[in-house]
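**Student:** All chains should be modelled from the sequences, with the hints used to inform the complete structure.
Take the sequence shown: its letters are residues 42 to 359, numbered as in the numbering used here.
Keep in mind that the hints were calculated from the coordinates and are not lab data. One should not assume that every hint holds.
Below, in silico cross-link-like pairs of lysine-lysine (DSSO-like), each with a Cα-Cα straight-line distance of 27 Å or less [claimed, not checked]:
| id | residue 1 | residue 2 |
| --- | --- | --- |
| 1 | 265 | 285 |
| 2 | 224 | 79 |
| 3 | 265 | 68 |
| 4 | 265 | 222 |
| 5 | 285 | 224 |
| 6 | 79 | 102 |
| 7 | 247 | 266 |
| 8 | 265 | 247 |
| 9 | 266 | 285 |
| 10 | 68 | 290 |
| 11 | 155 | 110 |
| 12 | 265 | 275 |
| 13 | 68 | 102 |
| 14 | 110 | 135 |
| 15 | 290 | 247 |
| 16 | 68 | 275 |
| 17 | 68 | 135 |
| 18 | 265 | 224 |
| 19 | 155 | 135 |
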Amino acid sequence: MEKELLEEKTQTHGSEYDVADDVAGIKVVFVNVYMIGKPGEGNPWVLVDAAIPNSASRLIKEAETRFGKDNPPQAIVLTHGHFDHTGALEDLLKTWGNIPVYAHPLEMPFLTGKSHYPPPDPAAGNGAMAALSFLFPTRPLDISGRVQPIPHDGFIEELPDWRFIHTPGHAPGHVSLFRDKDKVLIAGDAFVTTNQNSVFSVATQKLELHGPPSYFTCDWRAAKKSVRRLAQLKPSAVGTGHGKALRGKEWRSQLQELSDEFDTRALPGSSRYINHPAHTDENGIVSMPTPISYWVAKGLAIGAVAGLSLWAWNRLRK
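**Tutor:** Now the structure itself:
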């Protein structure tokens with residue numbers, strides 16, 4: 042009876058972030074995680090990404106609502122290791138114990154303490170999130186004893202119906218997940234469904250297709266190829282790292298348009314990584330392009346803070 046009640050509760054707990062009946066999207070402030078598995082007490086499931094710091098209790102509560110108590114995931118899969126996708130990871134592992142964590146081999150140096158990420162580019166993207174990105178942490182995690190590389194064939198035993206697709210650009214080892222039988226895609230940050238550069242769009246979750254978040258994308262040539270590869274899959278439903286889920290032919294055609302028009306729609310007007318990407322390998326950063334002027338970035342940040350303050354003041358007056 043308890044299992045039936047839980048299944049009924051979770052089936053009616055759909056949200057704009059859910060990608061399929063067995064792929065629940067959970068929005069945590071400004072980033073999404075996904076729980077893959079049929080709802081029900083004791084059912085097996087897998088967590089995709091680990092949100093921001095101090096969100097572990099929220100994720101555990103969501104998991105218990107969907108899959109019951111004392112039922113940790115069979116695995117945690119990381120689309121990439123940026124701070125907003127791994128923030129709660131260490132706390133989750135303390136609670137859930139010895140479960141495997143999977144990531145692409147090129148993400149390993151950033152998850153095993155070997156290398157920090159290529160720094161964000163505050164000049165990439167016209168918005169406060171981009172301008173303030175120099176504040177975002179790039180230091181590596183060190184979960185050396187827990188994380189393991191995704192096999193070269195792109196499959197793990199915990200998710201036999203899903204294949205992992207290397208979609209670099211936003212991060213060197215970024216991966217997306219695709220289920221061929223129903224064409225469901227978890228894109229990560231290869232592209233997103235809100236303008237992640239804009240605080241307003243992030244706050245309102247305005248639904249619109251965008252390339253990867255500009256400020257952290259360290260290889261724009263690779264990012265373009267990754268969007269093209271995902272568009273060619275013609276997904277029936279999409280969940281991304283930021284923004285609401287997409288379904289239907291209309292959005293499929295818009296994804297193709299984003300791929301075709303990537304240079305004009307996704308490339309920032311200025312970025313240290315457009316012409317010269319960050320060079321990384323299995324050990325981390327090898328070389329970096331010259332950054333734009335610090336004073337340009339500082340000026341953008343000052344403008345962003347001023348704009349945010351004015352927006353907040355106007356909101357308070359209403």
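**Student:** Of the numbered hints stated earlier in the document, which are not met by this structure?
**Tutor:** 11
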